[in-house]
Amino acid sequence: EYIESSDAIRKRVRKIVLPNVAMFVGILAMLIICTLVAIPQIQNVFDSIGSKDKLPELTLAFSNFLNMTIKYWYIPTIAIASIIGLVIAYFSTPKGKYQWDMFKYKMPIFGKLIYSLDYTKLIRSLLLNITNGVRIQEALEISRNVVNNQIMVTLIEQAINKVYNGEMWIEPFEDAKLRISNDNRDD
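Numbering (this note's numbering), first residue to last: 1 to 187.
A portion of the hints provided could be inaccurate.
Said to hold, decoys possible - Quick list of the computed label-pair ranges, beta carbon to beta carbon:
#1 F103 with L55: 25 to 31 Å
#2 Q158 with L113: 34 to 40 Å
#3 F103 with I123: 47 to 53 Å
#4 F91 with L58: 19 to 25 Å
#5 K97 with Q158: 15 to 21 Å
#6 T93 with V21: 39 to 45 Å
#7 K112 with A89: 35 to 41 Å
#8 E57 with S92: 23 to 29 Å
#9 T154 with K54: 55 to 61 Å
#10 K112 with P56: 25 to 31 Å
#11 V25 with F103: 44 to 50 Å
#12 F65 with T93: 55 to 61 Å
#13 D7 with M30: 39 to 45 Å
#14 Q158 with F65: 29 to 35 Å
What the hints assert, rightly or not - Derived PhoX-like pairs: lysine-lysine, alpha-carbon spacing no greater than 20 Å straight-line:
#15 K112 with K52
#16 K104 with K162
#17 K95 with K106
#18 K95 with K15
#19 K162 with K106
#20 K97 with K112
#21 K162 with K177
#22 K112 with K11
Rather than coming from a laboratory, the hints here were simulated on the basis of the structure.
Glycine is no exception: its CB is placed at the ideal position from the N, C-alpha and C atoms.
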């Protein structure tokens with residue numbers, strides 16, 4: 001039941017995100033193709049009728065940029081590959097991974113969703129363990145393995161320390177201020 005529930009959530013998120021990403025890629029491809037094909041033809045129509053009218057400067061500048069990119073394709077390719085390589089190398093370090101995980105929780109639009117999904121996964125795992133008779137600190141230690149985000153793992157470790165000190169385990173999650181909203185608190 002736990003695995004089916006996790007798969008259902010993952011499928012719902014994909015169902016929402018994938019069409020939007022596909023639409024964005026499609027619009028971007030349409031923009032590039034139309035710029036490469038349509039703009040020169042429109043300008044040729046202006047020139048063939050003897051009109052002195054020209055397309056807007058921004059349109060022509062974008063067209064020229066695409067033409068230069070096609071002509072000197074290796075420069076942006078090397079630059080993009082270098083940037084991606086540096087980013088991957090940085091995020092492979094512990095500090096970089098930690099910052100990437102923090103960014104995932106704080107980024108606009110999807111940050112709260114990602115945090116909510118990780119938190120839900122943690123709480124479901126805790127519930128499953130506690131229902132089966134596992135003590136809270138052991139349930140937290142076991143549930144730590146279901147989360148891949150270093151920020152969430154840090155919060156879980158702080159919660160485990162709180163339990164051992166006789167304090168409320170939920171405090172690290174509340175203090176992190178990563179939750180959806182402060183209005184939904186039932187203190």
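Hint check:
1. F103 with L55: 25 to 31 Å: Between F103 and L55, where Cβ atoms are some 39 Å apart, the hint is violated.
2. Q158 with L113: 34 to 40 Å: 23 Å, violated
3. F103 with I123: 47 to 53 Å: Given range 47 to 53 Å: violated, Cβ gap about 23 Å.
4. F91 with L58: 19 to 25 Å: This hint is violated: roughly 35 Å between Cβ atoms.
5. K97 with Q158: 15 to 21 Å: 18 Å, holds
6. T93 with V21: 39 to 45 Å: 28 Å, violated
7. K112 with A89: 35 to 41 Å: 29 Å, violated
8. E57 with S92: 23 to 29 Å: 43 Å, violated
9. T154 with K54: 55 to 61 Å: 58 Å, holds
10. K112 with P56: 25 to 31 Å: Since the Cβ atoms of K112 and P56 sit about 39 Å apart, the hinted range of 25 to 31 Å is violated.
11. V25 with F103: 44 to 50 Å: Given range 44 to 50 Å: violated, Cβ gap about 22 Å.
12. F65 with T93: 55 to 61 Å: Because 35 Å falls outside the window, the suggested range is violated.
13. D7 with M30: 39 to 45 Å: 34 Å, violated
14. Q158 with F65: 29 to 35 Å: 49 Å, violated
15. K112 with K52: 53 Å, violated
16. K104 with K162: 25 Å, violated
17. K95 with K106: With Cα atoms ~16 Å apart, K95 and K106 stay inside 20 Å; holds.
18. K95 with K15: At roughly 32 Å apart (the allowed maximum being 20 Å), K15 and K95 break the hint.
19. K162 with K106: 25 Å, violated
20. K97 with K112: 18 Å, holds
21. K162 with K177: 17 Å, holds
22. K112 with K11: 18 Å, holds
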